[in-house]
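**Student:** The listed protein sequences derive, respectively, from chains C and E.
Take the first sequence: its position 410, counted from the start at 1, is 410 in this note's numbering, and no numbers get skipped.
Take the second sequence: its position 121, counted from the start at 1, is 121 in this note's numbering, and no numbers get skipped.
It is possible that some hints are incorrect.
To be verified - Straight-line distance between alpha carbons at most 16 angstroms, and here's what the computed EDC-like set of lysine to aspartate or glutamate pairs gives:
1. C:Lys-413 with C:Glu-351
2. E:Lys-183 with C:Asp-448
3. C:Lys-472 with C:Asp-482
4. E:Lys-183 with C:Asp-482
5. C:Lys-478 with C:Glu-491
6. C:Lys-133 with C:Glu-147
As the list claims (entries may be wrong) - Simulated coverage check for chain C against chain E, where a stretch passes if three residues somewhere in it have a Cβ under 8 angstroms from a Cβ of chain E:
7. 98 to 107
8. 428 to 434
9. 644 to 654
Unchecked claim - Between beta-carbon pairs, the in silico distance windows are:
10. E:Thr-24 with C:Asp-85: 50 to 60 angstroms
11. C:Arg-130 with E:Ile-33: 49 to 59 angstroms
12. E:Thr-24 with C:Glu-431: 46 to 56 angstroms
13. E:Ile-274 with C:Asp-433: 51 to 61 angstroms
14. C:Gln-103 with E:Thr-24: 43 to 53 angstroms
15. C:Ser-395 with E:Phe-197: 27 to 37 angstroms
16. C:Gly-285 with E:Pro-206: 38 to 48 angstroms
17. C:Glu-136 with E:Pro-206: 47 to 57 angstroms
18. C:Glu-623 with E:Leu-135: 31 to 41 angstroms
What the hints contain is simulated information worked out from the structure, not anything from laboratory work.
Each residue gets a CB set at the ideal place from its N, CA and C atoms; glycine is no exception.
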Amino acid sequence: MNEIIQKVKNLSIGFKSKKGEEILILRNITTNIKKGETVGIVGESGSGKSTLALAMMGYVKHGLYTIGGECEFNSSNLLKMKNRDLEKIRGRKIAMIPQNAGQALTPNLKIGYQIDEALQLHSDLKEEKREQKISELLNKVRLPSPETIALRYPHELSGGQQQRVAVAMALAGTPDLLLLDEPTTGLDVTTQAHVLELLNFIAKDTGTSMVYVSHDLGAIAQVSDRIIVMYSGEIVLEGPSRDILKKPIHPYTYGLLKSIPKLSLAGLPQSMPGSQPQPGTMHRGCSFFDRCNFSEEKCKNNSPQLEYLEELKTSVRCFNYKSLMNDSQVNQTVNKIKTSLQDKEILNLSEVSISYAKQKLLDQVLNRISDDNPTVKDININIKKGETIALVGESGSGKSTILKSIAGLLRTKGGIIKFDQDRNLSSDLKERDPNDLRIIQLIFQNPDESLNPNHTVEEIIAQPLKLYFGLKGEELKKNIIDLLQKVRLGEFYMSRYPRQLSGGEKQRVAVARAFAAKPDIILCDEVTSALDVSVQAAVLNLLQQLKEDFGTTYIFVSHDLAVVRAISDRVAVLYQGRLCEVGPSKDVYQFPSHPYTEVLLGAVLEPDPDIKPKLVAEDIVEEKPPQKGCSFQGRCSRILGDICKNEVPPWQITNSGNSIRCHIPLKELQKDQIN
Amino acid sequence: MKLKNIYQEEKKSNLAKVSEIIITMASRPSGFIGLSILIFHVLLAFISPYIAPYDFKAINPTLMLQAPSAEYWFGTDDLGRDVFTRTILGGRTALTITFFGSLIALLWGGLLGIFCGLVGGKTDDIVMRIVDAFLSIPWILAMLLIVSLLGTSTEVLIPALGFFYGKGIVRVARAATHDVIAKDFIVSARARGHSNFSIIYNEIIPNVRDAILVEGAMRWSWMLLGFSSLSFLGFGVSPPTPDWGLMISNARGLMSFAYWSVIAPIVGLSSLIIGINLTADAFAKALGIDRSTKAPV
Chain C
1 MNEIIQKVKN LSIGFKSKKG EEILILRNIT TNIKKGETVG IVGESGSGKS
51 TLALAMMGYV KHGLYTIGGE CEFNSSNLLK MKNRDLEKIR GRKIAMIPQN
101 AGQALTPNLK IGYQIDEALQ LHSDLKEEKR EQKISELLNK VRLPSPETIA
151 LRYPHELSGG QQQRVAVAMA LAGTPDLLLL DEPTTGLDVT TQAHVLELLN
201 FIAKDTGTSM VYVSHDLGAI AQVSDRIIVM YSGEIVLEGP SRDILKKPIH
251 PYTYGLLKSI PKLSLAGLPQ SMPGSQPQPG TMHRGCSFFD RCNFSEEKCK
301 NNSPQLEYLE ELKTSVRCFN YKSLMNDSQV NQTVNKIKTS LQDKEILNLS
351 EVSISYAKQK LLDQVLNRIS DDNPTVKDIN INIKKGETIA LVGESGSGKS
401 TILKSIAGLL RTKGGIIKFD QDRNLSSDLK ERDPNDLRII QLIFQNPDES
451 LNPNHTVEEI IAQPLKLYFG LKGEELKKNI IDLLQKVRLG EFYMSRYPRQ
501 LSGGEKQRVA VARAFAAKPD IILCDEVTSA LDVSVQAAVL NLLQQLKEDF
551 GTTYIFVSHD LAVVRAISDR VAVLYQGRLC EVGPSKDVYQ FPSHPYTEVL
601 LGAVLEPDPD IKPKLVAEDI VEEKPPQKGC SFQGRCSRIL GDICKNEVPP
651 WQITNSGNSI RCHIPLKELQ KDQIN
Chain E
1 MKLKNIYQEE KKSNLAKVSE IIITMASRPS GFIGLSILIF HVLLAFISPY
51 IAPYDFKAIN PTLMLQAPSA EYWFGTDDLG RDVFTRTILG GRTALTITFF
101 GSLIALLWGG LLGIFCGLVG GKTDDIVMRI VDAFLSIPWI LAMLLIVSLL
151 GTSTEVLIPA LGFFYGKGIV RVARAATHDV IAKDFIVSAR ARGHSNFSII
201 YNEIIPNVRD AILVEGAMRW SWMLLGFSSL SFLGFGVSPP TPDWGLMISN
251 ARGLMSFAYW SVIAPIVGLS SLIIGINLTA DAFAKALGID RSTKAPV
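Let's have the full structure, built from the sequences with the hints guiding it.
**Tutor:** And the structure:
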């Protein structure tokens, strides 16, 4: 167990800027990976965690070069090795599992062929043995019926299955070290939990060392024995996983853990101010100085060294760790969300169904959509003025589709969307008048795509102001500055382009643009999922503040149940475009609940080694909603029988006020769920 | 030092942006060579009427097919006209006609492509099939037909060339637009209720402008070759106006014993085409578009 298989010594990697300065991406990294252990490397985007993982297999990205130090594997320095020698190590001794298996698999080769290719390259097995080994590997990663899977093409598998195939391929060479770069990031919550469980099993079963790189402390907490926390190219904290998550003694980790929303706690977590310094802008002193709550005068000019604490088996880079050691646990304080809920109904969806089916010629002439099994069906929600309602579900649950219909980007097939009790919004964009468009604004997931890269912040925010209110000149400028200040950005941001802003700042500009229209309803489509954790909390807090100031109604779409818990008043759970459960969020997160809600809640990963995900249902991906009966029948672990397959379940209302759509009586639902 | 100053980037004037691009272009050896050749040709086109040593149409039977000498640097042609004079004047018409021709191609091709890309659906299908149909007609045949019907005046040549070379730009502009319209900022503009015109002008053009300009620059060099081919066939510039295509056509029969009369216009024409090509490549690289990774359209 104590045998070291990879030694990283004083590693620095960087690039030369246009002016000829050396800019460091990794600064003086020293760490060891022991045999059989799983090490989690965690950090925000730009912290250098992926660069470090790649260096561990002797790979330095194009444009970067090794400035100093070494990566020693089996007592040879990988970074100085010739390509021919590296080829013998990569795949055989060190294997990598990429983030997006869907892109890493060759689309026109069968799964079995691709695994066989890896086997031919990395083992000396004969043909029959290889055949056997392929089924063995596919079995090991728990893919159903390996013989048929091996004959399929990558696109015929779901995201989770593709990721399992990638694991199988990596295991083909029986490597000593497995590098995983965000292997579950693009997957659904339930699939993610299943894949992590598989990785845990493989680590135990094969005794392979693993290096698990992720931005998600929840995922890291589930798999790793030891955690390395990186910040702007340095290791700031390294130690046993339990200690780091329970008792972080570095201010950054402390703040990070505090800013993650938890399932068990309603309300918004505290945010960390500022953002990580860009490479090359670091000055003297501690790189975390600007954002630190524990900083002193000496932190400004002296950079702390990584200090090893024998009693805790932890290394920490901070002058002030002692003050955190006494502050025993991370006591999360949250800002309770205030809602000035009015009885006035602002948006009413009744019997809404939406279809992506192509219109036939006859239907086009008659201007109708005919599809007896539409993507989204039977949506009935009343939204009150001033509330935040969240739509949750896995990918393909129709949550974004519903948002698009409300915004008018997609025509509904049936049903009525009513604004303010009398205005009909069932039509699409062309048929709505400008005021109907103004009252509903969208904020998108990825601010890189939702802001035009060729416009300055000023031009971006001016657009709705010009369009809806016809503002010009000084008045326009005054309004823009006003909006920028409301989203906590200064006036000097006006002349900047989106590429000069950080992710959080970009999202703030997008928020300002949405509020510029003075809308009644804002549709938030996964607004925080492209952001780093510490920034996410800040954006959530900002949205809440703006809501309190303006009395806006939010419709919040997210796959992250903890975020939804933090910000929403009411939650609607969707599966395959059908509602499963609607209710006040404090009740939805309690039992009894719909079997699907139970599955979702069980799969949430919390940054706590004591809370393990509960895997209730299989992670099957269904292509289409079932023709009749309950939408969840295909995956439900508590299916009753024919009644679920043939009849649409009735709505049952619990004492606390949430509606559950299930055939199982409420009492029985509750009985098995309380554990 | 205030935080404000760190982040503030000076807003550059358009002139500053253009000069920055030109400096980036010239900092590459190939770009420098290309730009120098192009500038040389453009300057020559402006000043050649004033520096030409002889009259380009002065026929002198006593001086037929003289070899290059101190008096006639590039020799004389079969009618005794000075080849040097005719060579330095020979690029003017071609350069002017193709420059304006490619501007027209850029304009109609670019706008139609963007429009089709944005609108999509039936309109896009119909327009693109028409463009495809035109692409399948050999342009030189169609040009010959137009020129023989309407004559070879500049007013005919510029729009005709512009039309035939714009078809390819339609495809490039449409593809570039497709890349952009999938982005959320277009969806956002649509959801706000901006008109198609406003979306094209504010959101799409700034993002596809570079790709289309580079394509236009490449088309310019192709058009130059095409126009010279027309002249070579006798359908471009009419004699006695000096023109490289025409000069090559006239002198090619005499190549075996009066090589000088054909070499000079060939060097002129090919150096200009190479110059434009290198410049277009450097232009693309300065804008951050790597042509080598894109499939030819």
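**Student:** With reference to the structure, classify each hint as holding or not holding.
**Tutor:** Verification of the hints:
no. : hint                                         : in the structure
1   : C:Lys-413 with C:Glu-351                     : holds (10 angstroms)
2   : E:Lys-183 with C:Asp-448                     : holds (9 angstroms)
3   : C:Lys-472 with C:Asp-482                     : holds (15 angstroms)
4   : E:Lys-183 with C:Asp-482                     : violated (28 angstroms)
5   : C:Lys-478 with C:Glu-491                     : holds (10 angstroms)
6   : C:Lys-133 with C:Glu-147                     : holds (12 angstroms)
7   : 98 to 107                                    : violated (count 0)
8   : 428 to 434                                   : holds (count 3)
9   : 644 to 654                                   : violated (count 0)
10  : E:Thr-24 with C:Asp-85: 50 to 60 angstroms   : violated (40 angstroms)
11  : C:Arg-130 with E:Ile-33: 49 to 59 angstroms  : holds (56 angstroms)
12  : E:Thr-24 with C:Glu-431: 46 to 56 angstroms  : holds (48 angstroms)
13  : E:Ile-274 with C:Asp-433: 51 to 61 angstroms : holds (57 angstroms)
14  : C:Gln-103 with E:Thr-24: 43 to 53 angstroms  : violated (33 angstroms)
15  : C:Ser-395 with E:Phe-197: 27 to 37 angstroms : holds (36 angstroms)
16  : C:Gly-285 with E:Pro-206: 38 to 48 angstroms : holds (41 angstroms)
17  : C:Glu-136 with E:Pro-206: 47 to 57 angstroms : holds (55 angstroms)
18  : C:Glu-623 with E:Leu-135: 31 to 41 angstroms : holds (40 angstroms)
Violated hints for the displayed structure, listed by number in ascending order: 4, 7, 9, 10, 14.
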